[in-house]
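> So you can see what is in the structure, the chains are spelled out below.
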Amino acid sequence: MTIKEIFDLLKNRFENIKIYIEKFEVGEEYIVVSPDALKQILQEIRNNPRLHFDYLMCISSVDDANGEIKKDENGNKIIKGGTLSLYYHLYSTTRNHKIAIKTSVDRENPAVPTAIDLWKSADWHEREAFDMMGIKFEGHPNLKRILMPYDWNAGFPLRKDFITPEYYNDLKIPY
Amino acid sequence: MMNEAYNLEYKSLKKEGDSEIMILNMGPQHPSTHGVLRLELKVNGEIIEEVIPHIGYLHRCFEKHAEACNYQQVIPYVDRMDYLSSMYNDFGYAIAVEKLLGIEIPERVEYIRIIMGEFQRIASHLVAIGTFGLDVGSFTPFLYCFRDREKILTLFEKTCGARLLYNYIWPGGVSHDLYPEFKNDALNFLKEFKRNLKDLEILLVENKIFIERTAGIGVLPENIAINYAASGPMIRGSGIPYDIRKIEPYGIYDRFEFNIPVGEGMMGKKGDCWDRFYVRYLEILESIKIIEQALDSLPDGNVFEKLPKKIKPKKGIVYSRVESPRGELGFFIISDGSDKPFRIKVRAPSFVNLSILPEIAKGCFIADLVAILGSIDIVLGEVDR
Amino acid sequence: MNTINEKDNLLNNKIEYNSKDKNFYFEPGVIIAKADELFSWARKSSLWQLTFGLACCAIEMMSTSASNYDFDRFGVIPRPSPRQADVMIVSGTVTLKMASRIKILYEQMSEPKYVISMGSCATCGGPYWQHGYHVLKGVDRIIPVDVYVPGCPPRPEALLDGLITLQKKIEKEYLLKEKNDNKRNI
Numbered sequence: 125m126t127i128k129e130i131f132d133l134l135k136n137r138f139e140n141i142k143i144y145i146e147k148f149e150v151g152e153e154y155i156v157v158s159p160d161a162l163k164q165i166l167q168e169i170r171n172n173p174r175l176h177f178d179y180l181m182c183i184s185s186v187d188d189a190n191g192e193i194k195k196d197e198n199g200n201k202i203i204k205g206g207t208l209s210l211y212y213h214l215y216s217t218t219r220n221h222k223i224a225i226k227t228s229v230d231r232e233n234p235a236v237p238t239a240i241d242l243w244k245s246a247d248w249h250e251r252e253a254f255d256m257m258g259i260k261f262e263g264h265p266n267l268k269r270i271l272m273p274y275d276w277n278a279g280f281p282l283r284k285d286f287i288t289p290e291y292y293n294d295l296k297i298p299y
Numbered sequence: 042m043m044n045e046a047y048n049l050e051y052k053s054l055k056k057e058g059d060s061e062i063m064i065l066n067m068g069p070q071h072p073s074t075h076g077v078l079r080l081e082l083k084v085n086g087e088i089i090e091e092v093i094p095h096i097g098y099l100h101r102c103f104e105k106h107a108e109a110c111n112y113q114q115v116i117p118y119v120d121r122m123d124y125l126s127s128m129y130n131d132f133g134y135a136i137a138v139e140k141l142l143g144i145e146i147p148e149r150v151e152y153i154r155i156i157m158g159e160f161q162r163i164a165s166h167l168v169a170i171g172t173f174g175l176d177v178g179s180f181t182p183f184l185y186c187f188r189d190r191e192k193i194l195t196l197f198e199k200t201c202g203a204r205l206l207y208n209y210i211w212p213g214g215v216s217h218d219l220y221p222e223f224k225n226d227a228l229n230f231l232k233e234f235k236r237n238l239k240d241l242e243i244l245l246v247e248n249k250i251f252i253e254r255t256a257g258i259g260v261l262p263e264n265i266a267i268n269y270a271a272s273g274p275m276i277r278g279s280g281i282p283y284d285i286r287k288i289e290p291y292g293i294y295d296r297f298e299f300n301i302p303v304g305e306g307m308m309g310k311k312g313d314c315w316d317r318f319y320v321r322y323l324e325i326l327e328s329i330k331i332i333e334q335a336l337d338s339l340p341d342g343n344v345f346e347k348l349p350k351k352i353k354p355k356k357g358i359v360y361s362r363v364e365s366p367r368g369e370l371g372f373f374i375i376s377d378g379s380d381k382p383f384r385i386k387v388r389a390p391s392f393v394n395l396s397i398l399p400e401i402a403k404g405c406f407i408a409d410l411v412a413i414l415g416s417i418d419i420v421l422g423e424v425d426r
Numbered sequence: 003m004n005t006i007n008e009k010d011n012l013l014n015n016k017i018e019y020n021s022k023d024k025n026f027y028f029e030p031g032v033i034i035a036k037a038d039e040l041f042s043w044a045r046k047s048s049l050w051q052l053t054f055g056l057a058c059c060a061i062e063m064m065s066t067s068a069s070n071y072d073f074d075r076f077g078v079i080p081r082p083s084p085r086q087a088d089v090m091i092v093s094g095t096v097t098l099k100m101a102s103r104i105k106i107l108y109e110q111m112s113e114p115k116y117v118i119s120m121g122s123c124a125t126c127g128g129p130y131w132q133h134g135y136h137v138l139k140g141v142d143r144i145i146p147v148d149v150y151v152p153g154c155p156p157r158p159e160a161l162l163d164g165l166i167t168l169q170k171k172i173e174k175e176y177l178l179k180e181k182n183d184n185k186r187n188i
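Protein chains in written order, with this note's numbering: chain A, 125 to 299; chain B, 42 to 426; chain C, 3 to 188.
Hints in this document: simulated from the structure, not taken from any laboratory. These numbers were taken from a predicted model, which means no experiment stands behind them. Misleading hints may appear alongside valid ones.
[What the hints assert, rightly or not] Below are the DSS-like pairs computed for lysine-lysine, each with C-alpha atoms no more than 25 Å apart in a straight line: (1) B:LYS232 / A:LYS284; (2) A:LYS284 / B:LYS403; (3) A:LYS296 / C:LYS170; (4) B:LYS353 / A:LYS147; (5) B:LYS356 / A:LYS128; (6) B:LYS355 / A:LYS147; (7) B:LYS249 / B:LYS311; (8) B:LYS83 / B:LYS232; (9) A:LYS226 / A:LYS244; (10) B:LYS356 / A:LYS204; (11) B:LYS249 / A:LYS244; (12) A:LYS201 / B:LYS381; (13) A:LYS195 / B:LYS105; (14) A:LYS226 / B:LYS403; (15) C:LYS170 / C:LYS46; (16) A:LYS244 / B:LYS353; (17) B:LYS105 / A:LYS284; (18) B:LYS105 / A:LYS260; (19) A:LYS142 / A:LYS226; (20) A:LYS201 / B:LYS105; (21) C:LYS115 / C:LYS174; (22) A:LYS194 / B:LYS105; (23) B:LYS381 / A:LYS195; (24) A:LYS204 / B:LYS287; (25) A:LYS222 / B:LYS287; (26) B:LYS105 / A:LYS296.
[Said to hold, decoys possible] Simulated coverage check for chain B against chain C, where a stretch passes if three residues somewhere in it have a Cβ under 8 Å from a Cβ of chain C: (27) 92-100; (28) 319-331; (29) 360-367.
Note that the Cβ used here is the ideal one computed from N, Cα and C, for glycine as well.
Kindly produce the complete structure, drawing on both the sequences and the hints.
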């Protein structure tokens with residue numbers, strides 16, 4: 125099935141949820157959902173026998189950097205407002221089709237329901253999204269940092285306004 | 042300096058009232074963990090109750106560097122992620138950027154990329170087989186595998202100048218053309234290599250001690266493999282023929298004839314360590330077939346025709362995946378119209394395959410854990426990026 | 003070298019062993035040398051290395067130990083435990099999370115111990131020097147290094163050259179000269 129057919133099926137099934145397709149000039153098209161309806165859509169695409177997406181390939185977190193850019197007291201760039209986005213890429217081993225789903229959350233208080241009870245591969249991907257971007261997943265049994273040290277308290281590294289700290293436990297970081 | 046980190050990391054170890062469980066640490070420096078990986082084991086005597094992997098000891102900030110460089114300057118960083126198969130990393134990245142740019146590349150470049158990619162697959166599987174034998178206790182196959190791998194590295198070195206990290210496959214073409222005697226050298230090497238593989242078969246594949254150590258251990262059932270998104274020889278060892286070269290062919294893989302080896306439980310249960318190892322061994326034979334077919338029909342042409350001077354794609358999003366020797370390698374690139382990528386996210390196969398370890402290592406001995414870890418075939422540069 | 007005339011000469015006379023090691027000369031069965039130089043020769047010819055590969059340079063170190071560019075002919079055997087090792091070859095990028103463990107491993111090795119810093123990442127941070135927020139720019143910020151081997155990754159011949167430089171450095175050390183003197187004369 126193409127993405128257009130999958131989108132039509134979902135739109136007919138859930139009439140009161142706002143979803144739409146987006147595509148830029150080059151590249152692929154993807155379905156955009158709001159975070160409240162995310163869990164319902166994910167459950168549907170996994171359990172529906174015509175769709176049967178049983179293989180979660182990747183969850184990516186992106187800093188959209190579409191808020192206001194201000195300068196703080198040291199002259200460093202700070203972004204206020206705007207969104208952070210999550211992209212889910214899924215594939216179906218029985219029907220041989222794939223799909224991409226996007227949600228956007230607030231930058232100040234990002235929270236999204238977890239997908240770990242549907243696909244176990246979401247476990248480490250969600251921990252990495254939390255570690256690098258700061259997005260909290262509600263219902264995750266073990267949401268800790270995974271790549272950075274456990275006592276790293278200097279922020280979330282992949283945000284666009286991240287400033288490299290000077291020292292970490294007496295080790296000098298800059299060159 | 043270390044007290045804070047120690048308190049946070051080891052707080053989970055204090056468990057009240059349980060006197061039989063001992064906590065053992067297979068630390069970052071260990072001869073059989075294939076790099077800097079820390080495993081926290083909760084053992085009851087010799088039997089493992091729980092395994093918790095801790096990663097991040099080789100996190101080198103690839104994604105932050107990619108946001109600060111041009112599209113061409115990112116290629117050496119992409120090489121260094123999975124350092125045992127760096128031709129395939131370049132290949133995956135080049136295909137993703139070419140989808141964003143929408144350019145067609147010459148025929149000769151397509152053939153060269155596939156030949157180099159399959160040679161790299163053979164070299165990477167030789168390291169996997171050699172170090173797996175070394176973990177389990179046999180030293181000679183390690184030396185035989187490295188001897189053959191050195192000959193492949195000599196071929197690469199004569200083409201592009203580097204032994205391990207090539208910076209060879211660029212978006213739009215390749216950096217150097219093949220040297221004039223490449224075809225003869227490659228065919229001579231393959232003839233000799235097929236004879237050497239018979240030695241390896243007697244030493245390792247049919248070796249009784251090796252089979253006792255690895256058969257029936259670390260069984261991965263089919264539904265768990267799909268739910269955990271395993272890929273590469275991990276999932277093919279469990280009997281599922283999932284190979285991206287056949288499902289969603291990239292490059293010109295649809296012009297060649299080759300099979301997909303799948304585990305059948307010949308020596309033990311389906312999906313155990315021996316099956317995964319045997320799938321890798323059979324894949325070497327399939328790669329030899331592809332290289333011979335490609336060298337037969339290699340066309341002439343200019344490889345530098347379509348190499349763009351400045352890469353500035355329009356706004357868009359792409360997720361493209363290739364079948365690297367370890368599994369499904371995915372590149373998710375967002376471009377915002379400038380000459381630097383806005384976001385590159387890498388879906389590394391070893392990262393996802395390693396998350397299956399706590400599931401399949403329950404209830405085995407500590408010595409079996411080493412065999413299971415060797416059969417997953419992880420590269421820590423990819424896991425931590 | 004072994005013609006019949008030269009063999010007679012060897013058996014009957016005292017001759018110089020090798021033009022470089024001018025201080026050893028022997029009759030069959032007897033060697034005369036200074037104690038310090040004998041000990042230096044013994045120590046430099048059997049350096050046991052700690053298996054400590056971090057990243058891509060570790061693969062080149064494994065290739066050096068394999069049969070094509072053999073490490074064993076210099077007396078270098080890999081030992082997994084730091085208590086039994088003489089030389090630690092830091093091969094690969096050192097991250098902040100790993101730095102405290104390297105310091106512990108270095109302190110667990112027993113004297114006399116040496117460190118070879120292999121590759122560009124261990125020397126100065128390598129290609130990650132500019133934006134690496136988790137990379138330690140050079141392992142010599144935490145432990146003292148004896149020999150630096152440049153390259154990304156260095157060829158096996160370059161690593162062997164680094165080992166020979168370390169051997170030349172060990173030759174010049176005096177263990178027995180004065181009991182109160184510092185052990186290394188540099």
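> Would you mind marking each hint as holding or not holding in the structure?
We went through each hint and held it up to the structure:
1. B:LYS232 / A:LYS284: violated (53 Å)
2. A:LYS284 / B:LYS403: violated (41 Å)
3. A:LYS296 / C:LYS170: Violated: A:LYS296 and C:LYS170 sit about 33 Å apart, past 25 Å.
4. B:LYS353 / A:LYS147: Given that 25 Å is the threshold and the Cα spacing comes to 19 Å, the pair holds.
5. B:LYS356 / A:LYS128: holds (21 Å)
6. B:LYS355 / A:LYS147: Holds: B:LYS355 and A:LYS147 sit about 12 Å apart, inside 25 Å.
7. B:LYS249 / B:LYS311: Answer holds: B:LYS249 to B:LYS311 is near 18 Å, not above 25 Å.
8. B:LYS83 / B:LYS232: violated (49 Å)
9. A:LYS226 / A:LYS244: Since the Cα atoms of A:LYS226 and A:LYS244 sit roughly 19 Å apart, the hinted pair holds (cutoff 25 Å).
10. B:LYS356 / A:LYS204: With Cα atoms ~24 Å apart, B:LYS356 and A:LYS204 stay inside 25 Å; holds.
11. B:LYS249 / A:LYS244: Between B:LYS249 and A:LYS244 the Cα gap is close to 36 Å, so the pair fails against 25 Å, i.e. violated.
12. A:LYS201 / B:LYS381: holds (19 Å)
13. A:LYS195 / B:LYS105: holds (21 Å)
14. A:LYS226 / B:LYS403: Violated, at roughly 36 Å.
15. C:LYS170 / C:LYS46: Within the cut-off at roughly 8 Å; holds.
16. A:LYS244 / B:LYS353: violated (38 Å)
17. B:LYS105 / A:LYS284: Distance of about 9 Å is within 25 Å: holds.
18. B:LYS105 / A:LYS260: Holds: B:LYS105 and A:LYS260 sit about 21 Å apart, inside 25 Å.
19. A:LYS142 / A:LYS226: Holds. A:LYS142 to A:LYS226 sits at ~13 Å (cutoff 25 Å).
20. A:LYS201 / B:LYS105: holds (16 Å)
21. C:LYS115 / C:LYS174: holds (15 Å)
22. A:LYS194 / B:LYS105: Given pair A:LYS194, B:LYS105 holds - Cα atoms ~21 Å apart, limit 25 Å.
23. B:LYS381 / A:LYS195: holds (23 Å)
24. A:LYS204 / B:LYS287: Violated, because 46 Å separates the two Cα atoms, which is more than 25 Å.
25. A:LYS222 / B:LYS287: Holds, at about 15 Å.
26. B:LYS105 / A:LYS296: Holds. B:LYS105 to A:LYS296 sits at ~19 Å (cutoff 25 Å).
27. 92-100: holds (count 4)
28. 319-331: violated (count 0)
29. 360-367: violated (count 0)
Checked against the numbered hints given earlier, this structure breaks hints 1, 2, 3, 8, 11, 14, 16, 24, 28, 29; the rest are met.
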